[in-house]
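**Student:** Here the sequence shown is numbered in this note's numbering, starting from 525 and rising by one per residue.
Keep in mind that the hints were calculated from the coordinates and are not lab data. A hint or two may mislead.
[Unchecked claim] As a list, the in silico DMTMM-like pairs of lysine to aspartate or glutamate whose alpha-carbon atoms are at most 25 Å apart:
#1 Lys600 x Asp567
#2 Lys600 x Asp531
#3 Lys614 x Glu591
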Amino acid sequence: MSEEASDAGRFLALVAAAQARDVRLTSIQAGLLVATELNIASDSRSFARSLGIAHALVLRELNALAERDDRLEIVKRDPRTLRVFYRLAKS
C-alpha cells in the first residue's frame, strides 16, 4: 500500500472515530476537525480542494459546526474569495 493511501486510510479512520464520539457530526464536520488537528488545512478552500469537495458544501458544514459546537472557531473571513479561516478553539 502506498504512503498516500495509508495516510488517506488513517484520515478516514480518524473521521469515523470522531463521528462515533459525537453522532451529531456529519462526515464533513468530522473531517474539518480531524484536518485541523492534523494541520492538514486551516481554511475552507484548502480543505475543499484537498478532499475534492465543493467549497460551498464545506462552507455550509463549517458554519453549522462553528455555530453549534465550541470545538472550532472561525478566525477570519475573506469576502472576496469566500475563504473562511478556522482553528481549534482554545480550551
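**Student:** The structure should be examined with respect to each hint, and the outcome stated for every one.
**Tutor:** Hints, one by one, checked against the model:
1. Lys600 x Asp567: holds (9 Å)
2. Lys600 x Asp531: violated (29 Å)
3. Lys614 x Glu591: holds (16 Å)
Consistency note: the structure conflicts with earlier hint 2 alone.
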